[in-house]
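So the protein lines, in turn, are chains P and L.
Under our numbering, the first residue of the first sequence is numbered 34, with each subsequent residue one higher.
Under our numbering, the first residue of the second sequence is numbered 34, with each subsequent residue one higher.
Keep in mind the hints are simulated off the structure, nothing from the lab.
Virtual Cβ for every residue (Gly too), placed ideally from N, Cα, C.
Errors might be hidden in some of the hints.
Computed from the model, here is a short list of chain P residues facing chain L with C-beta under 7 Å [to be verified]:
#1 F82
#2 W103
#3 S110
#4 E118
#5 C145
Derived list of chain P stretches under chain L, where covered just means 3 residues or more per stretch with a C-beta under 8 Å from a C-beta of chain L [to be verified]:
#6 87-99
#7 129-139
#8 147-153
The calculated label-pair distances, taken between Cβ atoms and stated as ranges, are [unchecked claim]:
#9 S107(L) with A123(P): 25 to 35 Å
#10 T42(L) with G125(P): 31 to 41 Å
#11 T42(P) with G44(L): 42 to 52 Å
#12 Q132(P) with T157(L): 26 to 36 Å
#13 E130(P) with P151(L): 34 to 44 Å
#14 A47(P) with M34(L): 15 to 25 Å
#15 R106(P) with E54(L): 51 to 61 Å
So the chains spell out like this:
There are 2 protein chains.
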Amino acid sequence: MNIGEAASTSGVSAKMIRYYEETGLIPPAGRSGSGYRTYGPREVQVLRFVRRARDLGFPMEKVSDLLALWQDRSRASADVKRLAEAQVAALGMRIAEMQAMQETLRHLVQACAGDARPDCPILTDLGGRT
Amino acid sequence: MNIGEAASTSGVSAKMIRYYEETGLIPPAGRSGSGYRTYGPREVQVLRFVRRARDLGFPMEKVSDLLALWQDRSRASADVKRLAEAQVAALGMRIAEMQAMQETLRHLVQACAGDARPDCPILTDLGGRT
DNA sequence: CCTTGACCTTCCCATTGTGGGAACCCCCAT
DNA sequence: ATGGGGGTTCCCACAATGGGAAGGTCAAGG
Numbered sequence: 034m035n036i037g038e039a040a041s042t043s044g045v046s047a048k049m050i051r052y053y054e055e056t057g058l059i060p061p062a063g064r065s066g067s068g069y070r071t072y073g074p075r076e077v078q079v080l081r082f083v084r085r086a087r088d089l090g091f092p093m094e095k096v097s098d099l100l101a102l103w104q105d106r107s108r109a110s111a112d113v114k115r116l117a118e119a120q121v122a123a124l125g126m127r128i129a130e131m132q133a134m135q136e137t138l139r140h141l142v143q144a145c146a147g148d149a150r151p152d153c154p155i156l157t158d159l160g161g162r163t
Numbered sequence: 034m035n036i037g038e039a040a041s042t043s044g045v046s047a048k049m050i051r052y053y054e055e056t057g058l059i060p061p062a063g064r065s066g067s068g069y070r071t072y073g074p075r076e077v078q079v080l081r082f083v084r085r086a087r088d089l090g091f092p093m094e095k096v097s098d099l100l101a102l103w104q105d106r107s108r109a110s111a112d113v114k115r116l117a118e119a120q121v122a123a124l125g126m127r128i129a130e131m132q133a134m135q136e137t138l139r140h141l142v143q144a145c146a147g148d149a150r151p152d153c154p155i156l157t158d159l160g161g162r163t
């Protein structure tokens with residue numbers, strides 16, 4: 034199949050497929066006589082794998098590691114688990130950062146009258162009398 | 034003062050100050066005879082404002098809006114509050130997305146033995162038996 | 001007076017992934 | 001043969017930030 038079909042059945046855009054190939058995340062696809070990239074079920078499955086890993090927030094570099102493990106029949110599940118745990122932790126840190134921002138903002142919002150008057154603790158705080 | 038001092042007292046890097054100026058977030062700084070950007074306490078305060086808004090996760094475009102409101106003595110606090118609430122909501126959405134990823138990953142991690150054997154539900158799931 | 005080192009200037013490049021679009025080629029059905 | 005819907009490459013853009021090169025400037029000390 035051509036790239037369009039591979040894209041729609043894998044959920045990865047044609048643009049991204051080419052990019053993944055270019056950056057070496059996936060191996061170069063085969064080419065038809067006229068230069069079209071060709072894909073089989075195997076390649077589509079790889080694309081789907083990448084898609085899901087990305088959906089779980091893994092950065093491309095880690096996706097690459099996961100992909101290598103996936104294709105290594107003699108891998109140790111411990112290695113996979115370690116990557117996944119690291120990602121859980123990475124997400125946790127980002128979540129915590131954003132929650133801290135949100136908390137701060139919530140306090141400020143709560144302190145703001147939100148009426149037609151100009152007085153606003155939010156701006157006062159941002160203005161910083163520090 | 035020059036840009037270096039403005040940077041260190043505001044917490045915004047010199048690089049970013051120039052960038053903010055270039056993109057119009059802040060007005061062009063004055064220049065000394067030899068072309069150096071010059072800053073006063075007023076400008077530093079603006080930079081600090083930007084810094085804090087960014088620290089709360091506001092994208093530059095919203096920072097620009099906040100900055101305009103900050104400098105508008107006749108603003109309504111309701112407008113500021115609305116921006117802040119939108120940011121709380123935006124953060125909430127991103128947090129929720131990441132929590133969903135984290136939750137999924139946690140389940141997978143839990144199901145993975147993490148030993149020397151190759152069997153791993155994490156990879157099986159990513160591989161997609163869909 | 002001149003050198004040295006710290007500072008400033010602009011300009012370009014890279015990042016992380018993703019999308020948009022131009023210019024051009026190809027294949028199939030009508 | 002022609003038209004439309006593929007495909008190909010290449011360049012541009014985003015949000016924000018950092019790195020670094022090549023060159024101008026300023027102040028201090030010899």
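These are the hints, each one checked on the structure:
Interface restraint check for F82(P): the shortest CB-CB distance to chain L comes to about 5 Å, inside 7 Å, so the restraint holds. Given the 7 Å rule on beta carbons, the hint for W103(P) holds: about 5 Å separates it from the nearest Cβ of chain L. About 4 Å separates the beta-carbon of S110(P) from the nearest beta-carbon of chain L, less than 7 Å, and the hint is met. Look at E118(P): its Cβ gets to within about 6 Å of chain L, closer than 7 Å, so that hint holds up.
The criterion of a C-beta within 7 Å of any C-beta in chain L is met by C145(P), whose closest approach is roughly 5 Å, and the hint holds. As drawn, the region 87-99 of chain P meets chain L at 4 residues by the rule of a beta-carbon pair under 8 Å; at three or more, the given contact holds. Check result for the region 129-139 of chain P against chain L: holds, 7 residues qualifying (beta carbon to beta carbon below 8 Å, three or more required). Here's how the region 147-153 of chain P fares: 7 of its residues keep a CB closer than 8 Å to some CB of chain L, so the rule of at least three is met and the hint holds.
The hinted range of 25 to 35 Å is not satisfied by S107(L) and A123(P), whose Cβ atoms lie roughly 45 Å apart. One distance hint, 31 to 41 Å for the beta-carbon pair T42(L) and G125(P), holds here, with the actual separation near 34 Å. At roughly 49 Å, the beta-carbon separation of T42(P) and G44(L) lies within the given 42 to 52 Å, and the hint holds. At roughly 32 Å, the beta-carbon separation of Q132(P) and T157(L) lies within the given 26 to 36 Å, and the hint holds.
At roughly 36 Å, the beta carbons of E130(P) and P151(L) sit within the given window of 34 to 44 Å. Between A47(P) and M34(L), the C-beta spacing of about 52 Å breaks the proposed range 15 to 25 Å. Our hint of 51 to 61 Å for R106(P) and E54(L) holds, since their Cβ atoms are close to 56 Å apart.
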